[in-house]
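Sequences are here, hints too, so could you generate the full structure?
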Amino acid sequence: PGGRIEAGETDEQAAVRETQEEVGITPTGVEWAGELRFQFRDGYSLQCTVYRASGWQGELMETEEAKPFWMGTNQIPYERMWADDVKWMPRLLAGEKFRGWFEFEGDRMEWFRMEPA
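The number in the working numbering is simply the position in the sequence shown, starting from 1, with 2 added.
These are calculated hints, taken from the structure and not from any lab test. Every residue, glycine too, gets a C-beta built ideally from N, C-alpha and C. Please note that a few of the clues may not be correct.
[As the list claims (entries may be wrong)] Per label pair, the in silico range of CB-to-CB distance: (1) R19 with D87: 15 to 25 Å; (2) D44 with G74: 15 to 25 Å; (3) M91 with R19: 18 to 28 Å.
Structure follows, in structure tokens:
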């Protein structure tokens, strides 16, 4: 889940709220895991903060934003996801902290750099 930070909200609070709104669960044991910066050749740029949760409360629910389901980490369909996901998500799942920079031309990743945080 992701979205915008509302006035008076920290990025961690926004991550928890967006998860509640988009998939119906409340993450617990939330900790900072990484930072991602995206630059698109058309001039659009985006910065994302990634959080990891050690648990959750509640039940998954389908919303307009998502149709969530559980799967094993060896079943993640990276081939159907943005090209950057395969660069940072394994680090997230391994418990690492990271920083990543990505450059895209449309939906094609042209360049990236990852480093430990």
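Right, here's what the structure says about each hint:
no.	hint	result
1	R19 with D87: 15 to 25 Å	holds, 22 Å
2	D44 with G74: 15 to 25 Å	violated, 36 Å
3	M91 with R19: 18 to 28 Å	holds, 22 Å
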